[in-house]
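These protein sequence lines are chains P and D, in that order. Residue 40 in full-length UniProt numbering sits at position 40 of the first sequence; the count goes up by one each step and never skips. Residue 307 in full-length UniProt numbering sits at position 307 of the second sequence; the count goes up by one each step and never skips.
Treat the hints loosely; a few may be bogus.
Ranges of calculated distance between the beta carbons of each label pair, as one might list FRET restraints [to be verified]: (1) P:98 - D:311: 20 to 28 Å; (2) D:125 - P:182: 49 to 57 Å; (3) P:42 - D:303: 34 to 42 Å; (4) D:56 - P:153: 50 to 58 Å.
Covered by chain D, per the in silico footprint, the following chain P stretches (three or more residues, Cβ under 8 Å) [said to hold, decoys possible]: (5) 47-54; (6) 123-135; (7) 159-173; (8) 197-210; (9) 213-227.
Since the hints were made in silico from the structure, they are not lab data. Backbone N, C-alpha and C define an ideal beta-carbon position, used for all residues, glycine too.
Each chain, written out:
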Amino acid sequence: MSDDDEIILADLDDEELVAQMFDDLYDGLKEEIEEGVNILLERGWEPYDVLTKALVGGMTIVGNDFRDGILFVPEVLLAAGAMKGGMAILKPLLAETGAPRVGKMVIGTVKGDIHDIGKNLVGMMMEGAGFEVVDIGINNAVDNYLDTAKAEDADIIGMSALLTTTMPYMKVVIDTMVAQGIRDDYIVLVGGAPLNEEFGKAIGADAYCRDAAVAVETAKTWMARKHNQMSA
Amino acid sequence: MSNALTDLLKTRDWLLTDGATGTTLFNMGLTSGDAPEMWNETESDKIRALYSGAVDAGSDIFLTNTFGGNASRLKLHGAEKRAGELSRMGAEIGREIADKAGRTVVVAGSMGPTGEIMAPMGPLTHEIAVEIFHDQAEGLKAGGADVLWAETISAPEELRAVAEAAALADMPWCVTMSFDTAGRTMMGTTSGEMTRIIGKLAHQPVAYGANCGVGSSDLIRTLMGFGKGSGPLIAKGNAGIPKYHDGHIHYNGTPELMADYAVLARNAGATIIGGCCGTTPDHLRAMRAALESTPRGPAAPLAEVAERLGGFSSDSDGTDGKGPTRDRTSRRRARV
Chain P
1 MSDDDEIILA DLDDEELVAQ MFDDLYDGLK EEIEEGVNIL LERGWEPYDV LTKALVGGMT
61 IVGNDFRDGI LFVPEVLLAA GAMKGGMAIL KPLLAETGAP RVGKMVIGTV KGDIHDIGKN
121 LVGMMMEGAG FEVVDIGINN AVDNYLDTAK AEDADIIGMS ALLTTTMPYM KVVIDTMVAQ
181 GIRDDYIVLV GGAPLNEEFG KAIGADAYCR DAAVAVETAK TWMARKHNQM SA
Chain D
1 MSNALTDLLK TRDWLLTDGA TGTTLFNMGL TSGDAPEMWN ETESDKIRAL YSGAVDAGSD
61 IFLTNTFGGN ASRLKLHGAE KRAGELSRMG AEIGREIADK AGRTVVVAGS MGPTGEIMAP
121 MGPLTHEIAV EIFHDQAEGL KAGGADVLWA ETISAPEELR AVAEAAALAD MPWCVTMSFD
181 TAGRTMMGTT SGEMTRIIGK LAHQPVAYGA NCGVGSSDLI RTLMGFGKGS GPLIAKGNAG
241 IPKYHDGHIH YNGTPELMAD YAVLARNAGA TIIGGCCGTT PDHLRAMRAA LESTPRGPAA
301 PLAEVAERLG GFSSDSDGTD GKGPTRDRTS RRRARV
């Protein structure tokens, strides 16, 4: 890097710094993001503000460009990695300061399905948006979803399937929730290559999410709805 | 390097390959979550039926039941040490069916992706990926496959690893990528870029192209995006889009639609034409009949493709310079 384009983060004012952090997230520069987070904290920013205004703000741009076919998986993985660096600094501070919770999601691929790249991406993007993510991995039976959701006091259950033969299992999970009278305790989001909106509706999910970026937006919308219902 | 596929390509100006493996096996009772490759050992008659289905429907080439037969995928079933062996068995059954077909039928040893993200983004290094693919390639070769056939590849790094493995196994090979994300692969590779990547390989494939992806119309657009290539093009599109109906999934692409797709694919430059998910022997028969009875024509404009096969999944596939972009003003130089 030549002197001309050297950027000294500490020399930037808050507004410029946040704008630069958006850019650095976009480019997946982890060390720069960590540095930016530390500078904002030193300047007296609340950890929650650093999370929502700098990191989540930046990841929203990454998410939008992923949704729009400008960025693809490699760039998103890099950005999520940089975000994770910043989150590692913020996480203990957020817990200490009792910052509001964005939401908690239990996510896994359904029974019979071992394809997890899409699920991993959604997990990373959700974390990038400030959600807590409990990843229960691949090949999950209904009890895995429901026991974990209960134990973790989750808001959202996310199910992923890449095979046309495994996607019907999503309905088994939802039907079990209905039978146990807990369907409305959780937001149920489904996704995976062979799914579509029509399928999501047919099995009784709250929403089908076309990709990881849409999953984040949908989760935010449903969380807002949930908060409104609770305060109503 | 002379082999059954290049020999056949010298005598014919189009070849029909096969349809869906997974869809067919699930219809035969494979339980989701089980590794289909285990059936090469335990249910070999069903694998014979799978291959015969394609051969009897007129396929000149069929792919072996070894898509997930690499150590990385089989590890999920605790069978990572059996990759070479299960791949060999899949090819052996293929050889048996092809040899009694009464005409030249090419046994293509299917090699699917590892399912891992490759370095530097992910944990899988080039060296290990080559080792994984080479292990499988030797099994397919020992079982009598005529050609290796890598399919549903998303990452250029993985494509290069397969190329190296094929060279190590001293085998001819073919490769198709899956263009399923706004006309590109999941990793962002466009069809035009694939042509450039292929052009730089030391061990050239016999043919390359696209499989799976979204609908059959997207696949035709992908074919056009390859441009001037270094080998014959392969088109293996899905039979429409999966629909959920009464607890079952079926693909909405009819044999008539796939027959039309086959003709459009050949006009768009494909030499080796087949189906992917949802494509049954009935579809293949209709495709063969259409390819035989329809004269070759000029490539249809995209608007006509959309009208005949359905709309595209995105406005641009990234090869026309009209894809969405973001203006960057203050970008740092990315660190290497």
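Structure versus earlier hints, numbers of those that do not hold, lowest first:
As far as the earlier hints go, 1, 2, 3, 5, 6 and 9 are violated by this structure, in ascending order.
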